[in-house]
Amino acid sequence: MSTTQQPPRHGTQAVPPVQPPRKRTPLWVVDLYGSAIGKKYVMAVTGLVFMGYVLSHMIGNLKLYVGASELNFYGEWLREIGYPALPHSGLLWLLRIVLLASLVLHVHASWSLTRMNRRARPQRYQSRRDYIAADFAGRTMRWTGIIVLAFIAFHLADLTFGTANPSFEPGDVYGNVVASFSRWPVALLYVVANAALGFHLYHGAWSLFQTMGWNNRRFNHWRRYFAVAFALIVAVGNVSFPIAVVFGIVS
Amino acid sequence: MDLTLKVWRQDGPQDAGRFETYSAESISEDMSFLEMLDVVNERLVEEGTEPIAFDSDCREGICGTCGLMIDGQAHGPQRATATCQLHMRSYRDGDEITIEPWRAAAFPIMKDLVVDRSPFDRIVEAGGFITAPTGSAPDANLIPVPKEDSDLAFEAAACIGCGACVAACPNGAAQLFTAAKLAHLNLLPQGQPERYQRTEAMVDEMESYFGSCTNHGECQAACPKDISIDFIALLNRDYGKAKFSGRRKRAD
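Protein sequence lines correspond, in order, to chains A and B. Residues 29 to 279, numbered by the numbering used here, are exactly what the first sequence covers, in order. Residues 12 to 263, numbered by the numbering used here, are exactly what the second sequence covers, in order.
Where hints are given, some of them may not hold.
As the list claims (entries may be wrong) - Going by beta-carbon spacing under 7 Å, a handful of chain B positions derived as facing chain A:
| hint | residue |
| --- | --- |
| 1 | G83 |
| 2 | Q84 |
| 3 | D106 |
| 4 | A115 |
| 5 | S129 |
| 6 | N152 |
| 7 | S219 |
| 8 | H227 |
| 9 | N247 |
These are calculated hints, taken from the structure and not from any lab test. In this text, a Cβ means the ideal position worked out from N, Cα and C, and glycines have one as well.
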């Protein structure tokens, strides 16, 4: 199509491109990532990785309700999966690397797309917009994303490194969780952050179907149900843990 | 009915622009929105004031020339309706209506409510056609097309290129326009030979002017032709396939 001649343009000057020119690379994955649609693919795929992670993280943590020895044994088992075929903590570190790489890509893509969108509309509407379809979850993706990102940093310091948890005992997952959530501001923070995560997951879990091109008119209405169910299950499960500790159901 | 209008006035592309308030008196509910503006303009001309500049052509909802941001909604409050087909019976006596032009970096404001939508032409020029010379019209039904496919292609082909999708999109993305222009060719047998090079060329052209899609669905809600965001999923799929399989053959 590049052979087509541009017809002469009449009237005033042509509108210049808004976005900076793209560098082309022969490697298809890198070239795809150079496009906005490619970045959305990356956000959808890394989003799927996170969805798998948050769901299994929540399900695993349900052992909190079974008892200290069960949860601590589960924590120990995570380090031993695949042993002796894999080294100690082998799979755990592999997953951590995948998650970290996904996080970097997810954040970079959203950052770069946000900048692109700002360039596309430098002057906002001067009167109030009346949105019809864009919902709260979709419009606050950036903010819920930032909240979740900051929360991840705190959560790691609290229950992985233990630096934000004065009574941290390596290996005593149950004791650490109870000690951490017994501080009510921390429990509140977990509730707020997981509510943000729920909204983020709702838009993400629906949006990824569109981005990946998974669209079929016979099944399209199920995508919303799936997103609502997924976000609710993860958020409600996660929010239950600090509430259970605060109200003394788990101690 | 008597109405109060807050209209965006801008003398030229470089002017900062501002809202100005006008009263629209004895407006009939049978008038279209544009006819209401005509009445206001007639009075402005009589008063010796510069009339409000706005675009319109066919005034029957099929050309895509008109398009105003009315009370924060592209083409106003009525679904699947272009501004020219919006009638004043949607309003009540005493209403205040705010009118703004489309806002996007790729749609610079020329004057008042008139914007330059020529980047849409750049997208179509990049591949929104069949390159083969077609000669005279072929016999009907020479190429069998499944009914479902032709219906779907027709839905996409209904796009009139008014720019409401870009105007309504919180990101200023032109995904729905480009997806519609792609789908009406990519769904039909005649569009298959150039399907992937077309998709890549048009999407790349689109991305040099517009924002990115975050699946809000605001475009679909604003579209006067009710074009579905299902076509955006098709665009995403075809673009991914085009890149993955390297199906784009460079002609140069």
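Results for each hint:
1. G83: holds (4 Å)
2. Q84: holds (5 Å)
3. D106: violated (14 Å)
4. A115: holds (5 Å)
5. S129: Because about 5 Å separates S129(B) from the closest Cβ in chain A, which is inside the 7 Å limit, the hint holds.
6. N152: violated (26 Å)
7. S219: This hint holds: S219(B) lies near chain A, its Cβ roughly 4 Å from the closest one there, short of 7 Å.
8. H227: Given a least distance of 4 Å, the restraint on H227(B) holds.
9. N247: Status holds, d = 4 Å.
Checked against the numbered hints given earlier, this structure breaks hints 3, 6; the rest are met.
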